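Trainee: Below, each chain spelled out in residue letters.
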Amino acid sequence: MSINPIPIIILAPLIGGFLAWLINIKGIREIIGVISAAIPLGYLAYLYQQLSKETINFTLSLSGFEFNFLLYKLGWFFATIAALVGFAAILGMTSTSKDGYEWLFALMSLTGVLGVFLAFDMVSFFIFWEIMTFGSFMMVLKYNKKASLKYFLLSLFGAYSMLIAIGILYASVGDLSFAGMSVASMMLTKWKLALIYLLFLIAFGVKAGAFPLHVWAPDAYSETNQSYTAMFSGALSKAGVYGFILIYILIGSKLAYDFGAFRSTTKFGYIIAFIGGLTIVVGGLLAALQEDIRKLFAYSSISQLGYVLIGIGVGTALSIQAALFHTLSHALFKGLFFLIVATIVYRTGKTEFKDMGGLAEKMPITFAMAFVAILSLAGIPPLVGFASKWLLFEAVISQNLPILGGFIFFGSAIGFVYLIRFTYAVWFGQRPTDLDDTKDAPLPLAIAMGILALLNVVFGIAPGLVAKELNSILGKEVIKGDLFILDLGFGKYNALLLTIWLVIGIVIAGIVYFMGAKVRRVPVTDTYQSGNPVTMEYNLTIRRNFFLPLKETLAFWLRMSFDRLYQDVGKSVEDLAETLRYYVYNGNVQSYAWYLAIVLVVLALWGW
Amino acid sequence: MVSQSELVKEARENGMELLPLDKDTYELFFGPQHMATENFSIILKMDGHRVVKAIANPGFLHRGFEKLAEFRPWYTNIALLLRICVPEPDVPEAIYSMAVDELMGWEVPERAQWIRTVVLEMARVSSYLFWTMGLGFKLGVYTAGQWAAAYRERLMALFEELTGARVYHIYTIPGGVRRDIPSDKWLRQLKDTVEYIKDKLKDFDNVLFENYITHRRMEGIGVMDKKFALDEGVTGPNLRATGVAADVRKLDPYLFYPELDFEIPVLKEGDALARALVRRFELEQDLYILEQLLEMGPPSGAYKVQDPRLKALPRFKVPAGEAYAHVEATMGDFGAYVVSDGGSKPYRVQIRGPSIAHGIRVLEQLLVGARIADVPVILMSLGNCPPDIDR
Amino acid sequence: MLEIALRAFLILIYATFVGFMFMGIIRIVTARIHRRVGPPIYQPILDTIKLLSKKSNITHGLIYDFGIIYALGATILALMFIPLGNISILRAYGDLILITFLLEIPMLGIMFAAMSSGNPWAGLGAQRALLTLLAIQVPLGFAIIALAQFYGTFSTYEIVMAQQAGGWSIFHLPLFLAAIAYDIVLQAMFGKEPFDIMIAPGEISLGPMVEFGGKHMGMLQIQHAIALFAETLFFANIFLGGGSILVLLIKQVAVLMIAIFIGAIFPRFTIDQAAKFYWKWPTIIAALGAILASL
Amino acid sequence: MAKEEVIVQKVLEKAPYAEGKVKRERRIEFKVPADRIREFLMIMKENNFESMMQITVVDWLKDGEFELVYQLWSYTYAVHAFVKTRIPRDLDKARMPTVKDIYPVAETYERDAHDFYGVYFEGNEKMEMPWILDDAEQGLFPHRKDFDWLGYTKRKYKILDRFDEDKDNYVI
Amino acid sequence: MVDWRLFEPLFNYARKKSLWIVAFCTGCGGIEMPPLMTSRYDLERFGMMPNPAPRMADLFLITGYVTPKTLKRIIITYELQPDPKYVLAHGSCPLNGGIYWDSYNAIKHLDRYIPVDVAIAGCMPRPEAVMDGIKKIMEMIENGTADGWKRYKENYEWYKKNQDELFGEGWREKEARRWIPWLKKK
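Protein chains in written order, with our numbering: chain G, 1 to 608; chain R, 609 to 999; chain Y, 1000 to 1294; chain L, 1295 to 1466; chain P, 1467 to 1652.
Next up, chain G with everything else stripped away, as it sits in the complex (with noise of 0.2 Å):
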């Protein structure tokens, strides 16, 4: 036990990007990736037994400074879900990624995302989460600029907010671990308080993609390399999720005590509960009316933070389980989605549903994960989704919070919707005459995906193993039951028995299905066309607007869109800065960011 574990965890990603970075070889950069991504997933499943007894902390002093880094159970929790997602998206990566440039970036992302987890005290956590930004963001530069532009302006906004934020808690405690500031949260004045919640709401707020700041990310999820996608929104989100969590931890007991309570629950988790609830909603809809297939998941990944979100919120210690568990099972599918998308631009080169179709033939290996996949989000019962899912629901109904049960019952619905709209356009149906030489997915892509739908049958059918991780992380047995049962005391779960029931149906119906007479395979042009011959010029699938109908019904709330509204107060931002270079600078100025950069700079100089 010589060499701290923490550095090594952190650093290894990082040091490994440059290497590859610097070598640059194709063959031998993939390997020096994956190596460094598998390093930190290996220490953290190693260190697993040490910590149930202990933590391990490790400090770092530079130039007056101290950074204080802390392995706890929370913070492996998240470290291993990002280790593990970034894990299997530096596998995928090995097939799609084309140059040393994305290692680094990529690898710097996932050093980010694990500073952040293991970080203790302010300043390392911001740090972390700058790299962990910046990182993402040049991986995003590269594809698209306006994307990547989105997502800095909002990145920095929310970085900004966290500044000030941190500095009106500095300069209130004189404190910068996490341990010192919930202490010395108390002493906070009412207005104070509130101010700092604002500002870390709008900074995690970003990160997690809540509405109505989460427009950055259907952009920057689908244009940046699909592989890379998966850590995206299994890894870096959660950064958000963890950054909400925090909030309990640093200033949560005062917020609490000076806010008051509504109903059950905290009135700041309210608000946090139900901004997820308007995520679930928003997210899904618009989800369901994507064309594009790294969109439809980008928006569903936000749809599905908003069930964390909500779980946060409501601030029980079993909601917030069911939150850490829907933590992890949404990295576990929302990853294998994402890997799933990458193999499929990756062979096909499409990415719009409608150059689509009928691709269940073609890839069945990938069909099989994706089904996996879709199971799972849809929250059918023996897998992972299923069981978070419904922890989710008892904690929040059982609460005697309405509303945000509505909230949760929508979403689950509008999961199925998009779903289904995804299987329709992408597996089934009538296939483009160009899509016939698709191959099914490379290797390490298989792999990967083949992993994450493992973990999701595994942890779906045992959710117990999950549950107890999450008792120890809370330190006290909310949820009872075994390996298999979740017990709630009100409500009731066994996985096992489930599955051997859905088992034995399927046994039933399947025989049922053999006594019948033999089936004989026809075409796609042999079907019900009232009647009339068609051939493979037609075209017999609904490639665009499938969800027309729901579109329609939301004519009146789609014309409002966060998105536009952002891009005009850019714009009126851009056209003041014109006024003020007029007038005051007439100096050369290079982009608005800028100008909103300066602005918020001042703000934050201000709030120091």
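Derived from the structure by calculation, the hints contain no laboratory data. Since we're looking at a predicted model, the values are computed, not measured. Treat the hints with care, as some may be off.
[Stated by the list, open to error] Covered by chain R, per the in silico footprint, the following chain L stretches (three or more residues, Cβ under 8 Å): (1) 1335-1346; (2) 1352-1363.
[What the hints assert, rightly or not] Counterexamples of contact, computed for chain Y against chain R with all Cβ distances above 12 Å: (3) T1015; (4) F1016; (5) I1024; (6) W1120; (7) M1160; (8) H1171; (9) G1242; (10) A1253; (11) I1290.
Virtual Cβ for every residue (Gly too), placed ideally from N, Cα, C.
Please arrange chains R, Y, L and P on chain G, whose structure you already have, making use of the hints.
Mentor: Just chains R, Y, L and P, lined up with the frame of chain G:
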């Protein structure tokens, strides 16, 4: 095992050049093997659930009536031409007979005229009931549809007693009708039936015509304005739903209609609901007309012209000339243009079915932008009858 | 072990049989409203035997077959969790949320199978089915929330027990509101007018079912029968006080009758109208119930 | 003077090239040269003949001509007008300008006339579009008087010769 | 596994008692279908009901004359139906052309193109006659003589030859492509 790739490969091997797919829209064949179209086909280009483009594809019922009629004697044609309009076969009979009457210069006896009027009105009532059934089935309120078909059966029974056939009556012939009214009992039965159906109208109102959902389904769907309707040759209830008080029975009176008192229901909206409601009001008017006719009672006299030429029926010749006769059918203005060259067979017969105007261009234009769920409703509200397009 | 297997088998047979009888009742009562005689009550059984005995069947790929099998299997699974008098086997785990989910899963299987056929009508049907699901989810969710909050438990069995002690659910105002909303939702679950948008024979030729024939359709008939039984049973349990098998049967028939009568006199909504409808009145009623229950 | 005569006079004043007469009550008739038909129909439309009921083609085999009867109906006067014109019946000469811009519904009637008689209406872009007839009959123009309909039918459906072709006497 | 021939009487009884009709009104006889399905005649008593999808239908009612254009659709629809399937020709026209014996656009002998199990004469047949025909086909199903679908399989070459003679070789593709130029045009 036939996969899509094999299909494509096979097509390529056969030297077929496969055109690329139109990926923004998809094609949907609506009919003929579909519950909403009776042997009529619309090819739809769809976007989501909206129709982008519609092409009517008629001709599944084409038998070449106009050609066949040129090779059949004048009287035999009755048995042929009535098959043009299946829901109310009395209309083609009547128009053809009226045109031939005009060519022959016959004054049809009053009794025959009265019977023809009664038959035409019964046909209108039965046709409207049949249409109500169709509307009910298409909207999903099967109860109304079933009731309507059941009440229509009463009229069918009366037709059977009068003419000997349920559907194809072959009853109205040039110069009068084929046989006289069977008995007074028949008239009483008709009166009872009229009363009965009139009584049941409010059931239809409750279930169908005044139903909240019906209104939601049909309001603002397939809207025509007056100019469009006139330009496109729209007639009958569809035209009256756009605010034109046009009815052949008033404008170009025939048979007993000048002596009858009835109203022309007119609505201004021009949407599917207006078209449906106009038909509903007309059903009431037709029952009222039948009541009046029955109150009047059949005039005495012959039921057929007494003309020596009829003795040599097979070689019966019609003087050269041309005539056009039209009546107000439930679908619209039904007309027959008959040209004779003085022979024992017609030289040219053209039947003008109203659906040829409603079912092709009007339909194609009204369907653009409609939802898939509106397609059957628009089709039904236009009262499209494919056989009179195809002939 | 043997006893459980025997009981499960009995439940399955009973549910299938009664489900088919329900289908027969639907057809007969509808026929009587139409002033017809209607088919014999065992007609659906004959239909199913005929469909299963078809000598040629088609498939469009593995999912086409598996979707159907999965739908039937999941329906059987859902059935096992719903309390049925004293003989149900998994009622200890009969969680409200679980059953609500399980009752929706078969639809997913059917949609998978339907969509894999590549037929545009099936695509339209899937679109409509999914949007119907989305539309009913909100009032359904609020109704379930109201129940869970009122009784403070998620266990269906405990809710039944509580009702037997304290009167039926519908005699409490919040749950009465929830029951109304749930009943309107049931209309869509049964696929009766005005919400039979998914199959709409006159519009989209049975939609998702259009490609199913032979044994696939036969299995769907069985699935429909069990689902009909399970849905009515669930309603009778959570809102109408449960009871022994016989009492439950009477309650189930009553639930069914309401659905038939509503279905007989209303035309079909279009899908966007149905969504707007569900998101308006039933949602308001159910949300009111849920809020009242939470106070 | 009856309203029919007034209408005929009014129209003839504007279209001196046409002949017109009153056939009977509510039926009037005009004869117009084929090349002036568009002008004439425009005049008719201005004179409140709002609706076109049909375009009838009569095949006068012995004259070697088609008679095209444009039948118009006026809701204002309740008068039915036959506008007749004659064109040669040879396939390559049977061409007419379309009137679909005057009476849009004429497009359908023109397709009908083309399908059965082979009259080509120039300017109607749907002329070649499949109409009622199936592939096999398209281009045969089966309603022309010189079309061997019975022979064609027998050949097509391989019916035995048990129907007596000369049997032109039928009994009702 | 199980010898299903043992159950054949039960299956035949079910087939007989549950005839689902393809909703395809091919001719004027379609007008008599609603009366048959409604309260006066009520075919649902015998377990019959119209079905929009041919995949699950058993009985194909050819209601009246058949034009070549319709016959193409009839053949396609017939081939979509699963075995065993039955065809009931309704009226004189499918038998020998009926009143359209000399029409260039009406089929004269339907049984040259698809097998017909029972034909009902008359123009148009009364609902009672149709019901009689249905009773006949039920009897035939029960004693196993309604074997049109077997004949179609066994003599497929002959039927195909007749169809191809009438429509020309490759008529399916030709018919399918007929509308493509008009659909692809913007």
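Trainee: Evaluate each hint against the coordinates.
Mentor: Consistency of the hints with the structure:
1. 1335-1346: Held - the segment 1335-1346 of chain L has 3 residues with a Cβ nearer than 8 Å to chain R, which meets the minimum of three.
2. 1352-1363: With 3 residues closer than 8 Å to chain R, the segment 1352-1363 of chain L meets the three-residue bar; holds.
3. T1015: 27 Å, holds
4. F1016: 27 Å, holds
5. I1024: 17 Å, holds
6. W1120: Non-interface label on Y:W1120 violated, nearest chain R Cβ at 8 Å vs cutoff 12 Å.
7. M1160: 40 Å, holds
8. H1171: Its Cβ never comes within 12 Å of chain R, the nearest being 30 Å, so this holds.
9. G1242: Given a closest Cβ separation of 33 Å, the condition holds.
10. A1253: 21 Å, holds
11. I1290: 28 Å, holds
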